[in-house]
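Each residue of the sequence shown is one higher than the one before, starting from 9 at the first, in the numbering used here.
Quick caveat, the hints were computed from the structure, so don't treat them as lab data. One thing to keep in mind: the hints can contain errors.
What the hints assert, rightly or not - For each label pair, taking beta carbons as the anchor points, the in silico distance ranges come out as:
#	residue 1	residue 2	range
1	Q239	P217	28 to 34 Å
2	S277	A213	17 to 23 Å
3	R209	A453	44 to 50 Å
4	P217	D334	21 to 27 Å
5	A454	R280	27 to 33 Å
6	Q16	G404	41 to 47 Å
7	V76	G243	50 to 56 Å
8	E105	G194	49 to 55 Å
9	H113	A289	25 to 31 Å
It should be emphasised that the depicted structure is a prediction, and the values quoted were computed from it without experimental measurement. Glycine is no exception: its CB is placed at the ideal position from the N, C-alpha and C atoms.
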Amino acid sequence: MAPHDTDQFSTSFAQQRLWFLDQYEPGSALYNIPAACRLRGPLDAAALACGLDAVVARHETLRTTFAVDGDQPVQRIAAPAPRALPLIDLAGTGDAEARMRQYVHDEAQRPFDLAAGPLLRATLLRLGADDHVLLLTLHHIVSDGWSMGVLLGELGAAYRAFAAGRTPQFDELPIQYADFAEWQRGWLQGEVLAGQLDHWRRTLAGAPPLLALPTDRPRPAVRAQHGAAVQFDLGPALSERLRGLGRTLGATPFMLLAAAFQVLLQRYSGQRDLCIGYPVAGRGQAELEGLIGFFVNTLVLRSQIDPARPFAALLAQVRTALLEADAHQDLPFEKLVEELRPERTLNHSPLFQVLFAFYDADQAAALDLPGLAAEVLPKPCHGAKFDLSLEMTVRGGSLCGAFEYATALFDAATVERLAGHFRTLLEAIAADPHATVGALPLLDAA
Numbered sequence: 009m010a011p012h013d014t015d016q017f018s019t020s021f022a023q024q025r026l027w028f029l030d031q032y033e034p035g036s037a038l039y040n041i042p043a044a045c046r047l048r049g050p051l052d053a054a055a056l057a058c059g060l061d062a063v064v065a066r067h068e069t070l071r072t073t074f075a076v077d078g079d080q081p082v083q084r085i086a087a088p089a090p091r092a093l094p095l096i097d098l099a100g101t102g103d104a105e106a107r108m109r110q111y112v113h114d115e116a117q118r119p120f121d122l123a124a125g126p127l128l129r130a131t132l133l134r135l136g137a138d139d140h141v142l143l144l145t146l147h148h149i150v151s152d153g154w155s156m157g158v159l160l161g162e163l164g165a166a167y168r169a170f171a172a173g174r175t176p177q178f179d180e181l182p183i184q185y186a187d188f189a190e191w192q193r194g195w196l197q198g199e200v201l202a203g204q205l206d207h208w209r210r211t212l213a214g215a216p217p218l219l220a221l222p223t224d225r226p227r228p229a230v231r232a233q234h235g236a237a238v239q240f241d242l243g244p245a246l247s248e249r250l251r252g253l254g255r256t257l258g259a260t261p262f263m264l265l266a267a268a269f270q271v272l273l274q275r276y277s278g279q280r281d282l283c284i285g286y287p288v289a290g291r292g293q294a295e296l297e298g299l300i301g302f303f304v305n306t307l308v309l310r311s312q313i314d315p316a317r318p319f320a321a322l323l324a325q326v327r328t329a330l331l332e333a334d335a336h337q338d339l340p341f342e343k344l345v346e347e348l349r350p351e352r353t354l355n356h357s358p359l360f361q362v363l364f365a366f367y368d369a370d371q372a373a374a375l376d377l378p379g380l381a382a383e384v385l386p387k388p389c390h391g392a393k394f395d396l397s398l399e400m401t402v403r404g405g406s407l408c409g410a411f412e413y414a415t416a417l418f419d420a421a422t423v424e425r426l427a428g429h430f431r432t433l434l435e436a437i438a439a440d441p442h443a444t445v446g447a448l449p450l451l452d453a454a
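All chains should be built: construct the whole structure from the sequences, respecting the hints.
So this is what it looks like as structure tokens:
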């Protein structure tokens, strides 16, 4: 498809919501997507800069800013133009490692101006002759987790070409993000919209508006966005036992971990009817798979948890609910909230307050640069979108997790204890998945 000119285009529903949030609280870095890649080996900085320019030229969303037409946001696409890749030399400046970590932290917290752009920032830190850190930060309104994999993969391919003196050759993109946004608004109406809404109205009828977890402090009148994170690693042995159990019970690791997480939340809250959110890639069409943009959608998983039933029965219930939700995943969360009109409050998010995410992908593997060892550094936590989020990933054969929590509600010690309870729960499930939910322990022998 031919590139668009600089005319304006409608936003997607998800972009519209993030734009409104930015108007409500300008200068927030909550929706920044940061990535820091450490590159060890002889780096061709010029080839890296050219590679980044090639990817930005290829994907219009990386050249998009947001203006106002009437009272609605619109996308505006700039023409491709070379951009400098700033180089900050930390070599020989005392504690280069500490300064690098501070740069990573500060860059992740720098806000974007959606109207002025650019909404992709890149900086190269030099720690030594053969030791660099590439910082990439995007605003969520033009990207998502899947997009970061696409970006790093294409950046690696372009770097390899430029380093070898060639021009990178990419297949032409069948569509651009602006085409998707226009299509989405035209498609999601009438019978299509009604069919999606009917499912979610039935699923969420009578659902509790709040998951009442015990907190260290009362919920503030206005939800604060300050957050922190607690990391944990289940280790290869327990991780493999859980994967094997999932295969035996016909469940993916995501399904198994989501069910276990709900048991944990049920025990903490005392609620037997609870809802959590979870992200899906939102790329149901093949044309979207190689595109950078904001496609991710958030679905709601509602479960009725009976402590007298076996965990395996709960897992089967969760599996069915997830498959039904996936069949109705095209309704953007923003549109669902707009149509269901739950009672709105400034002190918690609508429909759910706890999120579960599972990513079975290693971004470091996507950045393949010849002669260089690439390592994706841990992301700094610079805020909490929800009361509590659990993000599970696979790293080196182990299931690794991070609990991101609102510091206005929880202390670090509370969330560290929660992580320990989750591990104990998973060990018990791996040992006996047919034990009743109420009998599964949260405390180890000690």
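Verification of the hints:
For the hinted restraint 28 to 34 Å between Q239 and P217, the CB-CB distance of approximately 31 Å keeps it satisfied. Under the hint 17 to 23 Å, the C-beta atoms of S277 and A213, about 20 Å apart, fit the expected range. For R209 and A453, the hinted distance range of 44 to 50 Å is satisfied, since their beta carbons lie about 47 Å from each other. Under the hint 21 to 27 Å, the C-beta atoms of P217 and D334, about 24 Å apart, fit the expected range.
As the Cβ distance of A454 to R280 is approximately 29 Å, the hint placing it in 27 to 33 Å holds. For the pair Q16 and G404, the beta carbons lie near 45 Å from each other, so the given range of 41 to 47 Å is met. For V76 paired with G243, a C-beta distance near 51 Å keeps the hint of 50 to 56 Å intact. Here the CB-CB span from E105 to G194 is close to 51 Å, well matched to the stated 49 to 55 Å.
Hint check: H113 to A289, Cβ distance near 28 Å, so the stated range 25 to 31 Å holds.
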